[in-house]
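> Protein sequence lines, in the order shown, are assigned to chains R and H. Per the working numbering, the very first residue in the first sequence carries number 1; after that it's consecutive. Per the working numbering, the very first residue in the second sequence carries number 1; after that it's consecutive.
Hints in this document: simulated from the structure, not taken from any laboratory. Note that CB positions come from ideal geometry on N, CA and C, so glycine has one too. Check before you lean on any hint, since a few could be wrong.
As the list claims (entries may be wrong) - Now the in silico label distances, taken between C-beta atoms and shown as ranges: (1) Q327/H x T137/R: 53 to 61 Å; (2) G414/H x T292/R: 31 to 39 Å; (3) A115/H x A267/R: 41 to 49 Å.
Unchecked claim - Sample of chain H residues with no beta-carbon within 12 Å of chain R, all distances over it, derived: (4) L71; (5) G72; (6) M289; (7) L291; (8) V344; (9) D364; (10) D396; (11) L422; (12) Q434; (13) A448; (14) R449; (15) V454; (16) K470.
As the list claims (entries may be wrong) - On the chain H side, residues computed to face chain R include the following (Cβ under 10 Å): (17) N343; (18) E402; (19) D404; (20) A419; (21) T421; (22) N431; (23) Q445; (24) G457; (25) D459; (26) D461; (27) G463.
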Amino acid sequence: MRGGVDGPRPHRPTIELLESFPTEAQVGTTIDFTVRVSCHEGCDLGGGVLEVVDADGTVQTSQLSRADVEGGVVADLSVKAPPRTGAAKWAIGFPEQEIGGCVHEEGSLAFTCEVLPHTTSMAIWGVPTPMKGSRFTVNVGIKCSALCPLGGQLVEIWDGEGVKLGEGRLGDEPRPDTVGLYEGEVTLTAPDRTGVFSASVGFSPDELDLPHVDTAGDFTFRCVELPEHTVTVRVVHEEIDAPLGDIEVRLGPYQAMTDSEGVAGVAVAKGTYELSLWRIDIEPVSMRVKVTGDTEIDVAAAPRRIVDEDEERMWM
Amino acid sequence: MSKDSKKRSISRRDFVRQGATAGLSGAAVVGLAARETDEGGSQEQWDLTADVVIAGAGTSGLSAAIEAGDLGASVIIVEANYDCGGHGIVSGGRVNLGGGTSRQRRQGVEDSADAVFEYWTRPNNLQSRYTDRDLTRVYADLSAETFEWMVENGVEFLDEAIGPDRRNGRTVQWPVYEELITSYPTRLGSGLVRALEKSARAKGTEILLLHRMTDLVQEADSKRVIGLVTDNEGRMVRIRANKGVILATGGHTSNVAFRRMFDPRLTEEYQTAGEPYSEQTADGEVAAMKLGAALWGTASQTMEAGNWISKTAHIGCQWGYSSLWWQPDSPIFDKARASGLSNVDWQNVILVKQTGRRFHDETDAGHDFFAACLSYSGDPIKKNGGGPIWAIFDADAVRRQEWDPTPPNVDPAGYFFGADTLTELAGRIYNPNQTQRMQGGVLEQTLARYNTFVDQGVDADFGKPSPRYKIQTPPFYAAWSTPILHDSLCGLRVDTRCRVIDLEEEVIEGLYCVGEAMGGFPQHGLGRCALFGRVAGAYAARSA
Ligand SMILES: Cc1cc2nc3c(=O)[nH]c(=O)nc-3n(C[C@H](O)[C@H](O)[C@H](O)COP(=O)(O)OP(=O)(O)OC[C@H]3O[C@@H](n4cnc5c(N)ncnc54)[C@H](O)[C@@H]3O)c2cc1C
Ligand SMILES: [Zn+2]
Ligand SMILES: [Zn+2]
Chain R
1 MRGGVDGPRP HRPTIELLES FPTEAQVGTT IDFTVRVSCH EGCDLGGGVL
51 EVVDADGTVQ TSQLSRADVE GGVVADLSVK APPRTGAAKW AIGFPEQEIG
101 GCVHEEGSLA FTCEVLPHTT SMAIWGVPTP MKGSRFTVNV GIKCSALCPL
151 GGQLVEIWDG EGVKLGEGRL GDEPRPDTVG LYEGEVTLTA PDRTGVFSAS
201 VGFSPDELDL PHVDTAGDFT FRCVELPEHT VTVRVVHEEI DAPLGDIEVR
251 LGPYQAMTDS EGVAGVAVAK GTYELSLWRI DIEPVSMRVK VTGDTEIDVA
301 AAPRRIVDED EERMWM
Chain H
1 MSKDSKKRSI SRRDFVRQGA TAGLSGAAVV GLAARETDEG GSQEQWDLTA
51 DVVIAGAGTS GLSAAIEAGD LGASVIIVEA NYDCGGHGIV SGGRVNLGGG
101 TSRQRRQGVE DSADAVFEYW TRPNNLQSRY TDRDLTRVYA DLSAETFEWM
151 VENGVEFLDE AIGPDRRNGR TVQWPVYEEL ITSYPTRLGS GLVRALEKSA
201 RAKGTEILLL HRMTDLVQEA DSKRVIGLVT DNEGRMVRIR ANKGVILATG
251 GHTSNVAFRR MFDPRLTEEY QTAGEPYSEQ TADGEVAAMK LGAALWGTAS
301 QTMEAGNWIS KTAHIGCQWG YSSLWWQPDS PIFDKARASG LSNVDWQNVI
351 LVKQTGRRFH DETDAGHDFF AACLSYSGDP IKKNGGGPIW AIFDADAVRR
401 QEWDPTPPNV DPAGYFFGAD TLTELAGRIY NPNQTQRMQG GVLEQTLARY
451 NTFVDQGVDA DFGKPSPRYK IQTPPFYAAW STPILHDSLC GLRVDTRCRV
501 IDLEEEVIEG LYCVGEAMGG FPQHGLGRCA LFGRVAGAYA ARSA
């Protein structure tokens, strides 16, 4: 320590960020970072005090605790992004303090970050194939990037011309099997004609504590003719003549599942359809069927062939 | 290039003096301290010596060892892996050998060597169109005999003659569970290679595991190959071969630089079947090419047929090759990490490139499909290769498929992701080969458009037949579904004795090549690898 007329000079600390502070963060989120403070004269600054000051002047005090391998002492700190968007500023201050018998000058380091709103994203599901003119529902789920509770928020559905078709509110609990996806149901009326129609879903949250970006999504649905006839499809195992249940039976846009007797009654309008059967363990079946009245159809399905590509490809 | 030629000139200088001591004495393997003195008095050190030295203890190397041993030669096999078997031990064990085997006769199948030759030289079939007919004749003539030879060496077969040509039959899975690398669903090839390994060892073959051949050693004057250098976990071990060195290193598919010579599209995102147990490193080809060896039959490598590429049958894991379904009981499952989701009905998923865009009918599995997978991904920096292909599906698909999308079925370390919305899913996808981030908006648009095709019953973009299911119900998933590579269908040029031929069409004396590292007879697998292994083993053992 250098002596002098005025007594020993205070030591000067160096303050640095160990990893770069993020340039962007979302409102209200926590930003973790690590600061290292070292003394030019090599003092152990363990136990020293740091202050983190935010733009509102709030001061948070921490202690330098961990020795760093490259010298100096580090503190693991965290700050919270403010609840408003725009540039945010913080300063870390090392107040003048005596450590190890020496006075250390004050020092500081400032850093900034652009604070952004939370983003939201959407899923639209449960879209049925409604009969023309009928009422039907679709499910809409919204998720906030920071997992904000979104219960009670409004979702709205419009048609291609901007006419509102319906609206609904998100439930209070996230959907099971998801992490923070809030779902709601919207009831709509199908157009009075057949065809494929498109609609848009919008979500512009309000009254949330923090700012959020809106989100929107599109979906289509197919509107079908009112059914007039029942096609009764009976599915049996090709080899053993046993009924096959749980088979998805489709006639064009109409569908039903077979019961334990292997029977599905599909209500359809007059017309010619592709009849197809599907279950994971059977070979897909498909045939053309013309429906002019109530009809019964027996179909034999074979177990799905597991293909060993080595066998297939040993030869062309 | 200059690095290689330097290395070569060093070995040339080192072995100039070896010329005088060519034709070294005993067949016996000598100990680590064995030294041989040349006439100049300086010493050249070989750590080990045998008549025949083989690189690779897979299907072809073990076959060569048995044949050479039967003819009285001493044999050392150096094997890079920690255990024997190569691709053979994880293979399905369908062995193609016909021409009138006892098995065929029992099944009432009439066959002959001529019929085999004719079959493998058909011009109207891509796999047989480009074969080297001299090699095909060897295959035809030794086919039946090689089958009986396998039986004599302890390989058990199911009594069958299957496949369109009725020359196939499966081996019986090796009965010792602890000696399998994977057992499920059935890895019958273990019954072939473990039996061959047992027979080779019984006949005196010494197998040095964890010894990777790094170079061949050539005599300066004669250019004869007189040995090889191996790396045994950082230690260099030099092995002298009195009669010949046989390259049985199993092909090149895992070597990205090498495979791209035949097809620039095959960049690093494409995985190789058989990994992570054994790699097809092209070590044999590269070592021989440094000595001037020629490649052969490269048309077979790029023909749009055969088993060099396939659609993943198990998705959401790194290696989803159809018949090789890694299960947690495998001793190397820590490397394979996941089994994948299997039995995929391609109506339940869509396939997208790394951009999040669809590119082809998902139900196709032919070469048009592969070409679309490998097509330009839109990445201005990495223009070659098609980038990762992801299968995108929803909770409804999981239910229909009866999948459990959790580890160890799937590999969250870069090969499987789940999320509550498509935007979130796109943001989560990362993989070393994903060179651009997938944009959530693009993925959403792709799905919205596809779901409309389901409503319309027609895929207006790629003609997927009657798109069946909307992908809409959360959670959503992305599973690695990038096509996987397999066979090496070309390799080093050899003559009918499996001696390696150089670019001047001269034999490189003392050097043989067999198995998938050999070019000219691009049959898938075990039959030809064992057969030509025997040919090389026999000629090497008999050579002066
Ligand atoms: C999943 C799967 C299923 C298959 N199913 C069948 C089937 O049913 N029927 C069929 O006919 N074929 C099948 N095959 C193909 C067949 O297994 C291979 O074609 C055959 O095993 C190749 O024999 P090989 O001796 O050339 O190579 P491999 O059997 O792979 O042996 C090569 C050996 O060389 C070693 N090696 C590599 N480099 C070095 C080096 N520098 N130094 C020392 N050692 C080295 C490797 O570690 C390996 O052990 C299948 C392959 C796979 C992966
Ligand atoms: Zn100090
Ligand atoms: Zn939020």
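> Against this structure, judge whether each hint is valid.
Structure-based check of all given hints:
Q327/H and T137/R have their C-beta atoms about 43 Å apart, which leaves the hinted 53 to 61 Å range violated. Distance hint check for G414/H and T292/R: the Cβ-Cβ separation is about 55 Å, which falls outside the suggested range of 31 to 39 Å. In this structure, A115/H and A267/R break the distance hint of 41 to 49 Å, their C-beta atoms being roughly 59 Å apart. Consistency note on L71/H: stated as away from chain R, and its beta-carbon is indeed over 12 Å from all of that chain's, at 31 Å minimum.
Listed as a non-interface residue, G72/H keeps its Cβ farther than 12 Å from every Cβ of chain R; the least gap is roughly 35 Å. Under the 12 Å C-beta cut-off, the non-interface status given to M289/H relative to chain R holds; the minimum distance is some 28 Å. At roughly 34 Å from the closest C-beta of chain R, the C-beta of L291/H stays outside 12 Å, upholding its exclusion from the interface. Here V344/H does not stay apart from chain R, with its beta-carbon only about 10 Å from theirs, under the 12 Å limit.
Even its closest Cβ contact with chain R, about 15 Å, leaves D364/H beyond 12 Å, as expected for a residue assigned away from the interface. A beta-carbon of chain R is positioned within 12 Å of the beta-carbon of D396/H; the least distance is around 8 Å. Under the 12 Å C-beta cut-off, the non-interface status given to L422/H relative to chain R is violated; the minimum distance is some 7 Å. The claim that Q434/H is not at the interface with chain R holds, since no C-beta of that chain comes within 12 Å of its own (minimum 20 Å).
The Cβ of A448/H does not lie farther than 12 Å from every Cβ of chain R; its closest approach is about 5 Å, which violates its non-interface assignment. Not every CB of chain R is more than 12 Å from the CB of R449/H (nearest about 9 Å), against its label as outside the interface. Not every beta carbon of chain R lies more than 12 Å from that of V454/H, the smallest distance being close to 9 Å; the non-interface claim is violated. The claim that K470/H lies off the interface is violated: its Cβ sits roughly 7 Å from the closest Cβ of chain R, which falls inside the 12 Å cut-off.
Checking N343/H against chain R by beta carbon gives a least distance of about 7 Å; that is within 10 Å, so the hint holds. A cut of 10 Å between beta carbons decides the hint on E402/H: the least distance to chain R is about 7 Å, and the hint holds. Interface hint at D404/H: violated, since its Cβ lies 13 Å from the closest Cβ of chain R, which is beyond the 10 Å cut-off. The restraint placing A419/H at the interface with chain R holds, with a minimum CB-CB distance near 9 Å, inside the 10 Å limit.
Of the supplied interface hints, the one on T421/H holds, with its beta-carbon coming within about 4 Å of a beta-carbon of chain R, less than 10 Å. Look at N431/H: its Cβ only gets to about 21 Å from chain R, farther than 10 Å, so that hint breaks. Against a cut-off of 10 Å between C-beta atoms, the interface hint on Q445/H holds, since the closest Cβ of chain R lies about 8 Å away. A cut of 10 Å between beta carbons decides the hint on G457/H: the least distance to chain R is about 7 Å, and the hint holds.
Annotation: D459/H was flagged as interfacial toward chain R, and the flag is violated, the nearest CB pair being 14 Å apart, outside 10 Å. About 15 Å separates the beta-carbon of D461/H from the nearest beta-carbon of chain R, more than 10 Å, and the hint is not met. The interface hint given for G463/H is broken, as the beta carbon of that residue sits about 15 Å from the closest beta carbon of chain R, more than 10 Å.
Checked against the numbered hints listed earlier, the structure breaks hints 1, 2, 3, 8, 10, 11, 13, 14, 15, 16, 19, 22, 25, 26 and 27; every other hint is satisfied.
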